[in-house]
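J.: Heads up: the protein sequence lines correspond to chains A and B, in order. Be aware that the first sequence starts at 1, since it is given in the working numbering, and climbs by one per residue. Be aware that the second sequence starts at 1, since it is given in the working numbering, and climbs by one per residue.
You may find that some hints are simply not true.
Which chain A residues face chain B? A few, computed with CB under 7 Å, are given here [claimed, not checked]: (1) T20; (2) T62; (3) A137; (4) S144; (5) S148; (6) L152; (7) V229; (8) G230; (9) I259; (10) L265; (11) D268; (12) D378; (13) L381; (14) V433; (15) D438; (16) L440.
I should point out that these hints are in silico values taken from the structure, not numbers from a laboratory. Even glycine gets a Cβ: it sits at the ideal position worked out from N, Cα and C.
2 protein chains.
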Amino acid sequence: MNPDSSSRPQLKIRRVNLDTGRENVVVMSRRSKALRPEVFRGFSRVELRCNSKTLLATLLITDDGLVGIDEIGLAEPAFRRFSEPAGSLVTVTPAIPPDSLDAVRAKIQGHALSADEIAAIVDDISHYRYSDMEIAAFLIGSASFMTSNELLALSRAMAQAGTQLKWNQPIIVDKHCIGGIPGNRTSMVVVPIVAAHGLTIPKTSSRAITSPAGTADTMEVLTRVDLGVGEMKEVVNACHGCLVWGGHVNLSPADDILISVERPLSVDTREQMVASIMSKKLAAGSTHLLIDLPVGPAAKLTTAMEAMRLRKLFEFVGDHFGIAVEVITTDGRQPIGNGIGPVLEAQDVMTVLANAPGAPVDLREKSLRLAAHLLEYDPELRGGSGYNRARELLDSGAALKQMHKIIDAQGPSACRTDLGTLSADIPARQDGVIAAIDCLRLNRLARSAGAPIDKGAGIKVFKKIGDRVEKGEPLYRIYAYDAPEFELAIAAAKADTGYVVGSRSDSGESKP
Amino acid sequence: MNPDSSSRPQLKIRRVNLDTGRENVVVMSRRSKALRPEVFRGFSRVELRCNSKTLLATLLITDDGLVGIDEIGLAEPAFRRFSEPAGSLVTVTPAIPPDSLDAVRAKIQGHALSADEIAAIVDDISHYRYSDMEIAAFLIGSASFMTSNELLALSRAMAQAGTQLKWNQPIIVDKHCIGGIPGNRTSMVVVPIVAAHGLTIPKTSSRAITSPAGTADTMEVLTRVDLGVGEMKEVVNACHGCLVWGGHVNLSPADDILISVERPLSVDTREQMVASIMSKKLAAGSTHLLIDLPVGPAAKLTTAMEAMRLRKLFEFVGDHFGIAVEVITTDGRQPIGNGIGPVLEAQDVMTVLANAPGAPVDLREKSLRLAAHLLEYDPELRGGSGYNRARELLDSGAALKQMHKIIDAQGPSACRTDLGTLSADIPARQDGVIAAIDCLRLNRLARSAGAPIDKGAGIKVFKKIGDRVEKGEPLYRIYAYDAPEFELAIAAAKADTGYVVGSRSDSGESKP
Numbered sequence: 001m002n003p004d005s006s007s008r009p010q011l012k013i014r015r016v017n018l019d020t021g022r023e024n025v026v027v028m029s030r031r032s033k034a035l036r037p038e039v040f041r042g043f044s045r046v047e048l049r050c051n052s053k054t055l056l057a058t059l060l061i062t063d064d065g066l067v068g069i070d071e072i073g074l075a076e077p078a079f080r081r082f083s084e085p086a087g088s089l090v091t092v093t094p095a096i097p098p099d100s101l102d103a104v105r106a107k108i109q110g111h112a113l114s115a116d117e118i119a120a121i122v123d124d125i126s127h128y129r130y131s132d133m134e135i136a137a138f139l140i141g142s143a144s145f146m147t148s149n150e151l152l153a154l155s156r157a158m159a160q161a162g163t164q165l166k167w168n169q170p171i172i173v174d175k176h177c178i179g180g181i182p183g184n185r186t187s188m189v190v191v192p193i194v195a196a197h198g199l200t201i202p203k204t205s206s207r208a209i210t211s212p213a214g215t216a217d218t219m220e221v222l223t224r225v226d227l228g229v230g231e232m233k234e235v236v237n238a239c240h241g242c243l244v245w246g247g248h249v250n251l252s253p254a255d256d257i258l259i260s261v262e263r264p265l266s267v268d269t270r271e272q273m274v275a276s277i278m279s280k281k282l283a284a285g286s287t288h289l290l291i292d293l294p295v296g297p298a299a300k301l302t303t304a305m306e307a308m309r310l311r312k313l314f315e316f317v318g319d320h321f322g323i324a325v326e327v328i329t330t331d332g333r334q335p336i337g338n339g340i341g342p343v344l345e346a347q348d349v350m351t352v353l354a355n356a357p358g359a360p361v362d363l364r365e366k367s368l369r370l371a372a373h374l375l376e377y378d379p380e381l382r383g384g385s386g387y388n389r390a391r392e393l394l395d396s397g398a399a400l401k402q403m404h405k406i407i408d409a410q411g412p413s414a415c416r417t418d419l420g421t422l423s424a425d426i427p428a429r430q431d432g433v434i435a436a437i438d439c440l441r442l443n444r445l446a447r448s449a450g451a452p453i454d455k456g457a458g459i460k461v462f463k464k465i466g467d468r469v470e471k472g473e474p475l476y477r478i479y480a481y482d483a484p485e486f487e488l489a490i491a492a493a494k495a496d497t498g499y500v501v502g503s504r505s506d507s508g509e510s511k512p
Numbered sequence: 001m002n003p004d005s006s007s008r009p010q011l012k013i014r015r016v017n018l019d020t021g022r023e024n025v026v027v028m029s030r031r032s033k034a035l036r037p038e039v040f041r042g043f044s045r046v047e048l049r050c051n052s053k054t055l056l057a058t059l060l061i062t063d064d065g066l067v068g069i070d071e072i073g074l075a076e077p078a079f080r081r082f083s084e085p086a087g088s089l090v091t092v093t094p095a096i097p098p099d100s101l102d103a104v105r106a107k108i109q110g111h112a113l114s115a116d117e118i119a120a121i122v123d124d125i126s127h128y129r130y131s132d133m134e135i136a137a138f139l140i141g142s143a144s145f146m147t148s149n150e151l152l153a154l155s156r157a158m159a160q161a162g163t164q165l166k167w168n169q170p171i172i173v174d175k176h177c178i179g180g181i182p183g184n185r186t187s188m189v190v191v192p193i194v195a196a197h198g199l200t201i202p203k204t205s206s207r208a209i210t211s212p213a214g215t216a217d218t219m220e221v222l223t224r225v226d227l228g229v230g231e232m233k234e235v236v237n238a239c240h241g242c243l244v245w246g247g248h249v250n251l252s253p254a255d256d257i258l259i260s261v262e263r264p265l266s267v268d269t270r271e272q273m274v275a276s277i278m279s280k281k282l283a284a285g286s287t288h289l290l291i292d293l294p295v296g297p298a299a300k301l302t303t304a305m306e307a308m309r310l311r312k313l314f315e316f317v318g319d320h321f322g323i324a325v326e327v328i329t330t331d332g333r334q335p336i337g338n339g340i341g342p343v344l345e346a347q348d349v350m351t352v353l354a355n356a357p358g359a360p361v362d363l364r365e366k367s368l369r370l371a372a373h374l375l376e377y378d379p380e381l382r383g384g385s386g387y388n389r390a391r392e393l394l395d396s397g398a399a400l401k402q403m404h405k406i407i408d409a410q411g412p413s414a415c416r417t418d419l420g421t422l423s424a425d426i427p428a429r430q431d432g433v434i435a436a437i438d439c440l441r442l443n444r445l446a447r448s449a450g451a452p453i454d455k456g457a458g459i460k461v462f463k464k465i466g467d468r469v470e471k472g473e474p475l476y477r478i479y480a481y482d483a484p485e486f487e488l489a490i491a492a493a494k495a496d497t498g499y500v501v502g503s504r505s506d507s508g509e510s511k512p
């Protein structure tokens, strides 16, 4: 491929213990006579070749003994991906950028891309051939506009880039929430209800990236979640459902890479969000999909109009790929349940499933509503009876039993799962009625306290919108494992509780 | 600034010998108890604080002894920029992205930016607060459109971000070529002519990035070019002119950073090119500026229309900042002079200045034409007499004398400056007349031979467009220092000479 490699002396691979994350990074000596890295001035990307294997990587230069002059150091991800033993000889040449970058440039200049061009871009990204900069170029080029055909092509290409699950059942149901609402762990109630009914619901979830808990983090309090594809299938076959971390199942790896660049840049558009979600559902083999769009002043969607436009995009992509998509909007003005943080949220879920006293009504009701929609995908069920069937499965203890079955099948968790031993209440500063709760603020406070890394850290909410409080009465309690995080969270909460307390008694309806 | 730093334990700085180029990179142990890098999952950027100093950097994780658990390793650029001794204690927190990124996001969403927003972005970029991805986001967001006001604001902000030269003379002339034409070293003929006349021409030039020689690389064959601002001013005061590398003078450092991201992505637009060039001329204190736009099939501009649109942009920015800008288009169909590569190009320049036999006529004539424009900025000179004055200064030896004066003032070069001892001729494959020369191809061949790192490597051209050749007659000669590069270049030249030989005798006029 690269014409000027034949005459180049080879270098010995050395493993360099450096975790460079997504990007392939290699290190060469400035004195490397074989290669004269100065030749690469202006080329920060190199191509390694060994037998028929190639790897594109970003080049760093060292002046001392980190690598010898006849060596090339491969940082961990590059070493793992190249999978040649240390000491193997490789040829190194300035990298020729992937051909698909021409399409990225065309996109930046305002051209729409063909399905083949998008497939080539996704293939190169999922094989780590793009630098961070190049990924950013594609994302930002796509952020300015994405045609309907591009959206379909991107969804399909991302779905095909990783594991594609196949099931023997004709109906595979799934649910997805676009996130942003603290404590919103409905999947952990919905999956056992739907599985107890006998529908297949192989649920994969994400870990928190910027929030204090993802469903995978919360489920991990109760059971192991890092199952591989084979293990996941066994659980689903045995229990009709599962609740595992999507990371090990490797559905849509290109999407995982795109997200890791989108997040720090905060440039994700509606189209990118839909392509991301639908690619994973396509790869997961879902036939019926329920999407939950919370709307609220501090939610990802702030108006019904935004939610409607997003709904149309989901429906369009679902129709094209033959997935029955149903999209509902839900109340995203405040946390769902009482807990924010993995252990506290897991407690909420288990009290709902156990019909225990004090179980949060909002989490129960929202979960029943979602489960009702999913259950009606069962052709055997009479139209309109989904809600009653869901309540029956929950109230009878069938859902709890199914949850224990799933937990046993997935195996024991290796995490520390006790509640934080440090705790303190944050009081209301005045009498009145709760008018608004800033979800973003509560998320940030729970993260300050240590969640999701410290599973027992977080916030237990005592007051919701419309509730009366007296000055000094606790709004919520902060939990933590360690003093530094604890003090940090308390100081931040005292500076801004995230609660708006109004004097009007009808302020439960206000949307500030 | 960052609220959660007070309670964090500190880490000791360790210098890590790793050249990470533009980006600040730090290394921490995965076992670092003080900081628990897992907390940074999803945060690849961290902020270091020591006294009142802060530094934003990209975080890499190591598992072994590269850094201790109570240490933080600073790669060379980060160590240099933070400028605290090894062993100093620093606080490390997840980085809060620069505020100006909000404006970048607005730009991506199609908003025009204010001058203040652009100034904040440029300030953050020039202080290394942006990651590569974030720089790419700004560039690509700006590539889709840039308003006139944004163009002016970007030019001004970049000019103000670095050194700003002040001169006592009322007229400071400068010339600039947008590049792309091999051998086009007119500056090295024009500067001594103009300086010999007594006009002030403090010329800064770039090194080659993707070409086989920049003016700075070629001048370095004759004299030292890495002068600082003070030294440069002394030379200009003594000689009315200089020919130094712009890199050490630090005009428009933000532009240098933007270019280093633009180049690998190949996303530079007309507006970005104009802002880049004009920011440097503004910072250099130029009052009168001549811009050379070569037009040709393998040049950066391929049509007169493109050149005209670019000309209007230069004039617009020049008018706004009170710089008298004149833009001319020149023949960019083939190399200027005979040499391609630093030593060969320096030889061309010196033979033209010395009026030596065999001096390339095209380099002489183009240089005289450019010098004529610049000389007419002298109010003392009669309109239309610039060309005659330029020729007088060249033919009389005054320009050569001035060049020697400049060379002496800048001091001796430390480079190896002999011509490559390996050489071979590349013959024509058929009889005929040279119809076209692929400048990009010749640039690439000269680079394969070792230029610009090997100053004596390159190509000496024997035939230009319109010349007759016989089959087997040499088209050009390849020079190199070392066998691997030499053989590589010869093999590539034999595969594709870059010359089109036609049968028509009038093909000197053809523009394929």
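J.: Now tell me if each hint is right for this structure.
T.: Each hint, compared with the structure:
For T20/A, the interface hint holds, the least distance from its beta-carbon to any beta-carbon of chain B being 6 Å, beneath 7 Å. Proximity of T62/A to chain B holds as hinted, the smallest CB-CB distance being about 5 Å (cut-off 7 Å). Checking A137/A against chain B: minimum C-beta separation of about 5 Å stays under 7 Å; hint holds. Nearest Cβ of chain B to the Cβ of S144/A: about 6 Å, under the 7 Å cut. The hint holds.
A distance limit of 7 Å between C-beta atoms decides the matter here; for S148/A the minimum to chain B is near 20 Å, and the interface restraint is violated. For L152/A, the interface hint is violated, the least distance from its beta-carbon to any beta-carbon of chain B being 23 Å, above 7 Å. For the restraint placing V229/A at the interface with chain B, the shortest Cβ-Cβ distance is roughly 23 Å, beyond the 7 Å limit, so the hint is violated. Because the smallest distance between the Cβ of G230/A and any Cβ of chain B comes to about 26 Å, over 7 Å, the interface hint for this residue is violated.
Against a cut-off of 7 Å between C-beta atoms, the interface hint on I259/A is violated, since the closest Cβ of chain B lies about 10 Å away. Evaluation of the L265/A hint against chain B yields a held restraint, the C-beta minimum of about 5 Å falling below 7 Å. Here the hint on D268/A is broken, as its CB sits about 11 Å from the closest CB of chain B, past 7 Å. The interface hint given for D378/A is broken, as the beta carbon of that residue sits about 38 Å from the closest beta carbon of chain B, more than 7 Å.
At its closest, the beta carbon of L381/A sits 41 Å from a beta carbon of chain B; the interface hint therefore is violated under the 7 Å criterion. Against a cut-off of 7 Å between C-beta atoms, the interface hint on V433/A is violated, since the closest Cβ of chain B lies about 30 Å away. With a cut of 7 Å, the hint placing D438/A at the interface with chain B is violated, because the nearest CB-to-CB distance is about 17 Å. Interface restraint check for L440/A: the shortest CB-CB distance to chain B comes to about 15 Å, outside 7 Å, so the restraint is violated.
Violated hints for the displayed structure, listed by number in ascending order: 5, 6, 7, 8, 9, 11, 12, 13, 14, 15, 16.
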